[in-house]
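J.: One-letter residues, chain by chain:
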Amino acid sequence: QKEVEQDPGPLSVPEGAIVSLNCTYSNSAFQYFMWYRQYSRKGPELLMYTYSSGNKEDGRFTAQVDKSSKYISLFIRDSQPSDSATYLCAMSANTGNQFYFGTGTSLTVIP
Amino acid sequence: EAGVTQFPSHSVIEKGQTVTLRCDPISGHDNLYWYRRVMGKEIKFLLHFVKESKQDESGMPNNRFLAERTGGTYSTLKVQPAELEDSGVYFCASSQDRNRFKPEQFFGPGTRLTVL
Numbered sequence: 001q002k003e004v005e006q007d008p009g010p011l012s013v014p015e016g017a018i019v020s021l022n023c024t025y026s027n028s029a030f031q032y033f034m035w036y037r038q039y040s041r042k043g044p045e046l047l048m049y050t051y052s053s054g055n056k057e058d059g060r061f062t063a064q065v066d067k068s069s070k071y072i073s074l075f076i077r078d079s080q081p082s083d084s085a086t087y088l089c090a091m092s093a094n095t096g097n098q099f100y101f102g103t104g105t106s107l108t109v110i111p
Numbered sequence: 001e002a003g004v005t006q007f008p009s010h011s012v013i014e015k016g017q018t019v020t021l022r023c024d025p026i027s028g029h030d031n032l033y034w035y036r037r038v039m040g041k042e043i044k045f046l047l048h049f050v051k052e053s054k055q056d057e058s059g060m061p062n063n064r065f066l067a068e069r070t071g072g073t074y075s076t077l078k079v080q081p082a083e084l085e086d087s088g089v090y091f092c093a094s095s096q097d098r099n100r101f102k103p104e105q106f107f108g109p110g111t112r113l114t115v116l
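If you read the protein sequences in the order shown, they are chains A and B. Read in order, the letters of the first sequence are residues 1 to 111 in the working numbering. Read in order, the letters of the second sequence are residues 1 to 116 in the working numbering.
Simulated from the structure, these hints should not be mistaken for laboratory data. The reader is advised that the hints may include incorrect statements.
Using 25 Å as the maximum straight-line C-alpha spacing, the simulated PhoX-like pairs for lysine-lysine come out as follows [stated by the list, open to error]: (1) A/K70 - B/K102; (2) B/K41 - A/K70; (3) B/K15 - B/K41; (4) B/K41 - A/K42; (5) A/K56 - B/K102; (6) A/K67 - B/K44; (7) B/K78 - A/K42; (8) A/K2 - B/K44; (9) A/K67 - B/K102; (10) A/K42 - B/K44; (11) A/K2 - B/K41.
Small disclaimer: the values here were computed from a predicted structure and weren't measured.
Same shape as in the complex, but just chain A:
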């Protein structure tokens, strides 16, 4: 069983839509939950991270973590064509430890 499961998509939405991206995980030791965005032929770029359970908001992006269900989400409000990318969830047990990644969800926002 994979440590982290993520639906690869692809996901295609019209501009202005609300996007919901999700990951599930199996390791209850994970405490840090990250969302990375990756454009084609580029390296992953950290969008935001959350420690333990709860919500975190940053502009149009909201990250949610439900540790009881081992389920994390990223919501993108008022999606823009520039949001078109692959979104990767990642998790770790501690700040210095290795990250465990999902396979990534490919998102296209259509103008």
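Starting from the structure of chain A, add chain B where the hints point.
T.: Chain B in isolation, oriented as in the chain A frame:
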């Protein structure tokens, strides 16, 4: 501030040959990580340096892979001899002091390795 840089961006070699990938982390970052993404799969951890010491090399696939970080600055990852299944994108990431609260790892653009 310059980001993490990797060289080469793309390498095509034949099975049995040797390839060396290089990573230059962000200046001042003690932590350096190597990851690999095989086509269709998730990004997977290979190893972690703290300065020049290997902190965790549990993800290294086998002894054909050798990573070094001389002087705690740049790092190299050598594959010798390369096999077909080594094809993929090799990412390097760096971060500051591991005792900091933020789990930030900054990724380079990756080296795309193709073994024919």
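J.: None of the hints should be skipped; say for each whether it holds.
T.: Status of the hints after comparison with the structure:
The hinted pair formed by A/K70 and B/K102 meets the criterion: a straight-line CA distance of about 21 Å does not exceed 25 Å. Note on B/K41 and A/K70: the hinted pairing holds, with a Cα-Cα distance of about 21 Å set against a maximum of 25 Å. Distance restraint check for B/K15 and B/K41: the Cα-Cα separation of roughly 21 Å lies within the 25 Å cut-off, and the hinted pair is therefore satisfied. A distance of roughly 17 Å separates the Cα atoms of B/K41 and A/K42; the hinted pair therefore holds under the 25 Å criterion.
Restraint check: the Cα-Cα separation between A/K56 and B/K102 comes to about 14 Å, which is no more than 25 Å; the hinted pair holds. Of the supplied pair hints, the one linking A/K67 and B/K44 holds, its CA atoms being roughly 22 Å apart against a limit of 25 Å. Taken as a hint, the B/K78 and A/K42 pair is honoured in the structure, with Cα atoms around 22 Å apart against an allowance of 25 Å. For the given pair, A/K2 sits about 11 Å from B/K44 by alpha-carbon distance, which is consistent with the 25 Å threshold.
At most 25 Å may separate the alpha-carbon atoms for a hinted pair to count; A/K67 and B/K102 meet this at roughly 19 Å. Proximity of A/K42 to B/K44 is assessed by CA-CA distance (about 17 Å); at most 25 Å being required, the pair is judged to hold. A distance of roughly 11 Å separates the Cα atoms of A/K2 and B/K41; the hinted pair therefore holds under the 25 Å criterion.
Checked against the numbered hints given earlier, this structure breaks none of them.
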